[in-house]
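Enquirer: Could you build all of it, start to finish, from the sequences and the hints given here?
There are 2 protein chains.
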Amino acid sequence: MKAVRFPTHLKPLEPHGSTLLALEREKTSFDSNELMLHLYGKDYLAKRDRILAIMQNDPILSNKSHRYYQGRHARFKQSLAAAQRMVILSKKHGWTDEEFGMAEYLFDEPSAFRLHRSMFMPTILNQGTEEQKRIFLEPAKRYEIIGCYAQTELGHGSNVRGLETTATYHPETETFEINSPTLTSSKWWIGGLGVAANHAVVMARLISDGKDHGPHPFVVQIRSLENHAPLKGITVGDIGPKFGFNTVDNGFILFDHVHVPHHAMLARYSSVDKKTGRYITPPNSKLAYGTMVYVRANIVLESCQVLARAATVATRYSAVRMQGSDTDQPKTWPGADNATKAIETPVLDYTMQQYRLLPIIAQAYACHFTGQEMHRMYHENQAKMAAGDFSYLADLHASSSGLKSLTTTMAVAAIEDCRRACGGHGYSLFSGLGQFYQDYLPKATWEGDNYLLTQQTTRYLLKTFRSIRSNKGTKSSNFTSDYLADYLAAPHARCTDIQVDSGLTQNPDWILAAFRHRAAFLVDKLAHAIDQDGHTWNDCLVEIYRVSRSHCQLMMVYHFFKTAFQPSSASSPMQVTLKRMAILFSLFTMEQDISDFMISGYFSSDQAWLIKQSIVPLLKLLRPDAVALVDAFGLPDYLLFSALGESQGQVYEKMTEMAEKEPLNSGQAMELYQQFIRPLTHQNQSLSRGDARL
Amino acid sequence: MKAVRFPTHLKPLEPHGSTLLALEREKTSFDSNELMLHLYGKDYLAKRDRILAIMQNDPILSNKSHRYYQGRHARFKQSLAAAQRMVILSKKHGWTDEEFGMAEYLFDEPSAFRLHRSMFMPTILNQGTEEQKRIFLEPAKRYEIIGCYAQTELGHGSNVRGLETTATYHPETETFEINSPTLTSSKWWIGGLGVAANHAVVMARLISDGKDHGPHPFVVQIRSLENHAPLKGITVGDIGPKFGFNTVDNGFILFDHVHVPHHAMLARYSSVDKKTGRYITPPNSKLAYGTMVYVRANIVLESCQVLARAATVATRYSAVRMQGSDTDQPKTWPGADNATKAIETPVLDYTMQQYRLLPIIAQAYACHFTGQEMHRMYHENQAKMAAGDFSYLADLHASSSGLKSLTTTMAVAAIEDCRRACGGHGYSLFSGLGQFYQDYLPKATWEGDNYLLTQQTTRYLLKTFRSIRSNKGTKSSNFTSDYLADYLAAPHARCTDIQVDSGLTQNPDWILAAFRHRAAFLVDKLAHAIDQDGHTWNDCLVEIYRVSRSHCQLMMVYHFFKTAFQPSSASSPMQVTLKRMAILFSLFTMEQDISDFMISGYFSSDQAWLIKQSIVPLLKLLRPDAVALVDAFGLPDYLLFSALGESQGQVYEKMTEMAEKEPLNSGQAMELYQQFIRPLTHQNQSLSRGDARL
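Sequence lines, in order, name chains A and B.
Take our numbering: the final residue in the first sequence is number 702, and no numbers are missing along the way.
Take our numbering: the final residue in the second sequence is number 702, and no numbers are missing along the way.
Just to be clear, a hint being listed does not mean it is correct.
It does not matter which identical chain is meant; a pair holds if it fits inside one copy or across any two.
[Claimed, not checked] When the alpha-carbon atoms are kept at most 30 Å apart in a straight line, the in silico DSS-like pairs for lysine-lysine are as follows:
| id | residue 1 | residue 2 |
| --- | --- | --- |
| 1 | Lys620 | Lys533 |
| 2 | Lys19 | Lys219 |
| 3 | Lys240 | Lys19 |
| 4 | Lys282 | Lys451 |
| 5 | Lys282 | Lys669 |
| 6 | Lys620 | Lys339 |
| 7 | Lys349 | Lys219 |
| 8 | Lys72 | Lys85 |
| 9 | Lys10 | Lys662 |
| 10 | Lys19 | Lys349 |
| 11 | Lys339 | Lys533 |
| 12 | Lys10 | Lys219 |
| 13 | Lys628 | Lys471 |
| 14 | Lys219 | Lys339 |
| 15 | Lys240 | Lys669 |
| 16 | Lys100 | Lys533 |
| 17 | Lys620 | Lys570 |
| 18 | Lys149 | Lys19 |
| 19 | Lys570 | Lys471 |
Everything labelled a hint here was simulated from the structure, so no lab data went into it.
If you're wondering where the values come from, they're calculated on a predicted model, not measured in any experiment.
Expert: Pasting the structure below:
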């Protein structure tokens with residue numbers, strides 16, 4: 009049977025998507041290229057384009073067309089081939105870690121080797137001795153050994169102290185005995201372990217000298233380097249299919265009294281004396297927290313890219329997708345014989361669609377500028393720590409925890425919101441948003457569960473608040489202590505402007521003051537509940553989450569304002585739009601939780617109502633720049649891999665092109681008919697109807 | 009290579025999940041069986057259990073174990089076999105439509121024949137003449153012809169008036185010429201069309217007598233009944249992979265000037281004169297709106313089942329999953345030698361987890377009782393309409409639109425919230441929530457887009473409001489006109505109780521009064537914006553959505569209260585819990601939008617704060633009944649098909665059992681190693697490391 013092909017003479021209804029997108033790009037108030045340069049800088053873009061060209065011209069990596077059709081196993085196989093290819097290319101072109109990261113980002117498919125690079129090698133680098141680096145890291149860099157990072161267990165996730173796997177030291181044999189005492193102690197979810205890895209960093213409770221010293225990292229060979237068979241005492245495999253991330257072989261592993269040498273325990277910080285088994289405690293190092301800030305700044309920047317990608321697809325498609333009619337402003341189009349004809353309205357013209365999409369674009373920008381600020385502060389803090397000054401660290405670490413939680417929660421929601429904003433076609437994998445959502449989702453759980461993380465942020469805020477309240481002051485003032493102190497000086501402050509006018513709701517200082525007061529108010533209320541009313545920590549978990557969120561929303565508003573309203577570049581059209589986006593981000597965020605601002609007494613009912621009313625006019629102002637604002641993210645079509653978000657608006661051509669590749673359209677359907685349909689339709693052989701249609 | 013097997017001697021860490029669930033069931037305050045009976049009634053449960061037994065004992069339908077591992081094509085094939093089997097069983101057992109529906113619900117996999125039953129046949133039944141029923145419906149019932157319902161087009165979704173496909177009548181040949189003029193006019197998303205159907209109801213613009221009469225339904229044969237090949241002029245195929253629903257062959261179809269006979273147009277209401285082509289207009293029938301109410305009542309009841317299923321999985325697993333420790337109430341357990349040992353805390357003991365799950369359980373109950381009330385009102389209305397009284401219809405139809413939108417939005421969110429509340433394992437397909445989410449998701453878009461639908465509800469509310477305001481009154485008072493009239497009599501009403509105490513927040517009348525005032529206030533504000541401030545409909549879409557939601561939240565609170573607080577059965581422990589659930593539903597709903605209640609001036613800041621504070625104590629009261637409340641939904645394990653939500657708490661045994669079935673664990677991994685891993689690890693043949701671990 010011939011494959012199904014769409015009739016080539018049929019074109020989409022006029023106006024064509026490409027025409028509509030071109031018109032959008034004409035009417036924009038600023039140059040999207042200027043903004044792109046402003047966001048990324050020239051060097052970054054040049055580097056990325058160089059990598060992009062390599063990927064797009066590579067025989068293996070240029071092809072993503074199988075992704076939406078294949079089941080897990082075919083995809084996993086193809087993904088392994090690509091991962092192998094990426095290693096080869098990286099050697100050939102001498103890619104730095106950053107460049108390899110760019111290539112992975114553009115290829116946009118997590119691989120079985122992902123954890124080898126992102127966790128196995130860094131853990132040895134950071135926690136191994138020089139000897140251990142020589143033994144494990146050098147061959148790992150050459151991919152002679154391939155590793156993974158085995159921490160979570162079937163019955164134990166975020167709480168590392170609950171891990172059951174043990175590593176008992178035996179001075180007589182100078183070995184650690186790794187053991188899985190129960191079914192729940194099976195390591196689980198370990199990326200790269202199911203198929204690829206031959207080594208693992210295993211987190212196990214160190215038992216030595218009769219004492220349990222809690223979880224420590226051990227490098228353990230798990231499969232033969234000759235034939236990849238699991239070594240003796242080891243049960244290892246893949247944990248099975250997941251909601252997404254199915255090109256990664258997340259695995260499980262159980263150890264049945266497996267002995268590993270003394271040098272298996274990564275010993276840069278804590279160690280065990282080889283002869284006596286005496287535990288040598290680590291020097292108390294705060295440096296690790298600095299690294300965490302760096303990792304989380306990257307997550308915040310990554311959230312920007314996620315939001316940007318989802319918004320790019322939905323915004324472009326909303327400019328092309330015509331549906332219904334705005335009865336107050338019906339659209340027309342030049343028809344064939346110069347007569348104007350009525351056409352439908354691009355959905356981006358509906359305020360509801362603008363309300364669904366523009367705040368997400370604003371969130372993307374907020375994440376970008378917040379992430380950049382975090383990077384700056386990280387470097388500032390590293391310099392201070394190097395000089396023995398740890399005064400920045402606690403604040404930076406606490407904020408970074410909450411910001412990871414806030415921005416990844418935001419990004420996950422945005423992908424799904426954008427997918428739905430694409431209407432029915434959002435549900436097709438060709439939208440490019442379905443698999444994207446599935447693969448990004450775990451970010452909300454790993455590298456710190458988004459609920460648990462907020463407890464760290466709030467614990468710090470409470471401590472700072474109590475310290476200021478009891479007049480002890482803090483060692484050095486910072487953004488956090490300043491706003492808490494300001495609040496304590498005037499806890500019953502109210503917004504003094506009786507009537508909010510549009511001028512005020514566009515004023516960053518006015519908005520920031522409200523966010524500062526609201527965040528501090530929630531800290532105050534929580535402190536009161538615990539310190540005065542005797543509520544337990546568990547009683548307050550819901551409020552603890554909200555306190556962290558409100559602090560981090562304030563941080564994001566502050567950072568976004570700081571960048572958008574810097575005086576130097578205030579005059580360009582681009583800056584005007586960025587300022588509007590910053591205001592939109594702040595007002596939209598405020599509106600979502602406006603009750604906090606009212607309960608604190610800061611805003612009256614009338615003020616709150618007017619704030620809510622100030623959003624739609626702002627959306628209308630920003631509407632003409634919507635496409636330019638997503639174009640400025642500069643996401644290549646190779647990355648998007650989306651029929652709806654394609655940069656030239658060829659939505660319907662791409663949809664049909666991709667549908668033609670559906671395997672059911674190449675003969676499979678006929679076999680299925682013979683096997684399952686025909687027996688039903690022909691069960692009654694007296695069937696009298698023929699094929700003649702008339 | 010042997011398949012990977014878990015060591016059989018290893019057991020999960022004590023306490024075992026089954027022990028924990030048994031303890032939960034001991035400490036409950038009421039009998040979950042009593043509640044189950046109260047929800048469903050004896051007859052329904054007996055019928056369902058009978059169907060369940062058939063399914064579970066059927067060689068084909070009892071087996072769901074492939075579902076989480078197969079790619080689209082293997083699953084689609086297996087699904088066709090199951091669909092065929094279901095038809096055979098239905099004939100064998102003489103299933104009614106209701107019983108067939110139960111079987112489909114329990115089997116829990118949409119099939120290629122789904123639309124044949126749910127749309128193709130009902131459309132012919134409702135819109136066909138007696139002759140057309142004889143020609144099309146009779147063979148359809150016997151599955152001699154298999155149909156689908158082709159309405160949406162590649163470029164056109166919810167707005168039926170935008171459809172491009174034409175059906176031009178030619179009196180000279182007495183045929184309609186069906187044609188697809190553009191690429192965007194391709195029918196798209198049509199369930200059952202990609203592979204299975206040989207007929208379609210095609211919605212096309214009827215052109216006759218030189219006029220365009222808008223979209224009408226035509227029954228068109230599309231594939232040969234002899235060999236299933238597409239008939240001449242027809243291009244048909246599958247639209248490709250989707251986010252979910254991949255066991256259905258959603259298809260596309262294009263018509264190149266295809267002629268069908270006069271009897272193809274379903275002519276019960278409107279028709280075309282065979283000889284002249286004159287269009288005969290339909291009698292204006294409101295009866296169709298009655299049916300829509302019925303369909304939507306079912307959707308609301310289905311939302312209950314969706315919420316119930318998600319909550320069942322997450323709640324049971326949260327009772328079994330131990331993580332971290334509530335430092336204020338650390339847990340212990342009898343150890344081996346009668347010494348108590350410290351254990352982790354079941355996550356259900358954390359208030360944040362209760363806050364994430366108990367409101368979802370409450371939403372499920374709210375949907376159940378609301379759906380039941382809608383059914384009752386539907387029958388009341390049908391009786392009235394039969395007597396020529398249409399006074400109920402507009403209100404019922406308007407509320408049902410908004411309730412469809414509200415409850416399906418709620419249900420979609422709940423699946424994902426419950427999945428995340430399962431932590432890392434929620435991401436495994438074995439949770440049973442991943443594919444469930446993917447398959448349920450389109451409900452928010454089809455049978456009325458959830459955003460568009462709310463415009464119908466709000467349009468009716470505005471009309472009623474204006475009519476009361478202008479003292480015209482309404483023909484007959486109903487719930488809606490009553491609360492709007494009460495508001496207009498006292499638009500500046502405030503909650504008179506200065507200090508909210510726990511008694512008041514448990515008082516249904518007190519809560520209901522607040523919801524009534526808030527809903528009416530939002531209608532008032534919207535009417536003001538349009539009527540006084542001259543805002544366009546498009547300007548107000550965001551508020552229009554909120555107005556509908558607030559009205560429907562009020563309806564749900566009202567219906568839930570009405571059932572839970574009916575005086576007759578007030579004394580049983582079951583009723584005490586149901587009342588608490590009704591209060592929880594109302595307070596949680598109120599808290600989410602508390603700013604509305606404040607902006608209207610109805611609640612002060614202090615009152616709002618106290619309302620927020622009243623939720624956690626309620627969660628604590630309900631905590632011991634959490635498992636019983638989900639048990640009462642009575643969802644069989646066959647339906648749940650979830651390792652986490654299994655009724656006996658065998659979470660970790662099921663997880664490992666399902667992981668053993670992962671095909672990568674049965675030899676596939678070794679082939680992949682040879683092909684992709686070994687070339688990397690052995691690229692440097694001077695590799696010096698061997699396998700000896702020591």
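Enquirer: Identify every previously stated hint that the structure contradicts and give their numbers, smallest first.
Expert: 4, 5, 12, 16, 18
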